[in-house]
Amino acid sequence: MHVHFSCITGLLAQLSLTYAKLEPNYTSPSGVQIFNPSNFFSATGPWSMMSIAGDTLYISGMRGIYPSNSTLAPVGLTRMRQAFQNMAALAEMAGSDTNSCVRLVVYVTDMFRYRPMCNQVQVELWGDDPSRYPPRTIIEVDRLNDDDIVEVEGTFYMGGLAKDHSH
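The sequence shown begins at 104 in the numbering used here and counts up by one.
It should be emphasised that the hints constitute simulated quantities derived from the structure, not laboratory data. It cannot be assumed that every hint is accurate.
What the hints assert, rightly or not - FRET-style restraints, in silico, Cβ to Cβ: (1) Pro233 - Ser141: 35 to 43 Å; (2) Ile241 - Thr181: 15 to 23 Å; (3) Gly148 - Ser234: 31 to 39 Å; (4) Ile137 - Pro238: 22 to 30 Å; (5) Ser133 - Ser234: 33 to 41 Å; (6) Arg216 - Glu126: 35 to 43 Å; (7) Glu126 - Phe215: 40 to 48 Å; (8) Asp231 - Gly148: 32 to 40 Å; (9) Gly230 - Ser173: 25 to 33 Å; (10) Gly262 - Arg239: 18 to 26 Å; (11) Pro177 - Gly157: 35 to 43 Å; (12) Pro233 - Val208: 16 to 24 Å.
Predicted model, so just to flag it, every value in this text is computed and none were measured. Every residue gets a Cβ at the ideal spot worked out from N, C-alpha and C, and that includes glycine.
Put together the whole structure using the sequences plus the hints.
If you want it as structure tokens, here you go:
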């Protein structure tokens with residue numbers, strides 16, 4: 104497995120986030136739980152960070168924002184890596200992990216420039232075995248919020264763990 108030190112450092116810096124007690128901000132009458140963890144950056148609009156419906160966790164499009172100070176990481180690989188780390192940290196808070204990812208959707212503003220970086224970060228997170236990579240759709244868009252370069256959203260299987268989110 105080929106993992107860059109900066110990726111490990113970023114994930115270790117977020118470990119404190121993964122041990123927070125996760126409580127839903129709202130639960131719908133049908134049981135859909137909405138989450139905006141207080142120890143993460145705030146949503147930049149009228150949306151939530153993630154929701155759980157049954158055994159499925161849905162994570163909103165994550166950008167390369169540092170949870171510690173709500174600022175964007177530098178443009179390029181650092182920001183791409185931070186966007187994926189944010190998604191992974193939220194999945195862990197909810198009781199899932201990257202190995203339970205069932206689908207990724209990645210939005211980039213320049214396919215030629217950012218697709219190789221996206222591929223590199225995915226290898227860092229999922230390893231060198233292509234049979235472990237989750238299905239991914241990558242889409243080039245004209246523009247993202249705050250003229251950002253990347254947004255990554257994930258869907259995760261909770262494996263029956265969706266009933267208790269206290270960790």
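These are the hints, each one checked on the structure:
1. Pro233 - Ser141: 35 to 43 Å: Hint holds: Cβ distance 37 Å, inside 35 to 43 Å.
2. Ile241 - Thr181: 15 to 23 Å: holds (19 Å)
3. Gly148 - Ser234: 31 to 39 Å: Roughly 37 Å apart at Cβ, these two residues keep to the hinted range, so it holds.
4. Ile137 - Pro238: 22 to 30 Å: With a Cβ separation near 25 Å, Ile137 and Pro238 satisfy 22 to 30 Å, so the hint holds.
5. Ser133 - Ser234: 33 to 41 Å: Between Ser133 and Ser234, where Cβ atoms are some 35 Å apart, the hint holds.
6. Arg216 - Glu126: 35 to 43 Å: holds (39 Å)
7. Glu126 - Phe215: 40 to 48 Å: Holds: the Cβ-Cβ distance is about 42 Å, inside 40 to 48 Å.
8. Asp231 - Gly148: 32 to 40 Å: About 37 Å separates the Cβ atoms of Asp231 and Gly148, which means 32 to 40 Å holds.
9. Gly230 - Ser173: 25 to 33 Å: Distance hint for Gly230, Ser173 holds at roughly 30 Å.
10. Gly262 - Arg239: 18 to 26 Å: Given range 18 to 26 Å: holds, Cβ gap about 21 Å.
11. Pro177 - Gly157: 35 to 43 Å: About 38 Å separates the Cβ atoms of Pro177 and Gly157, which means 35 to 43 Å holds.
12. Pro233 - Val208: 16 to 24 Å: With Cβ atoms ~19 Å apart, the hint holds.
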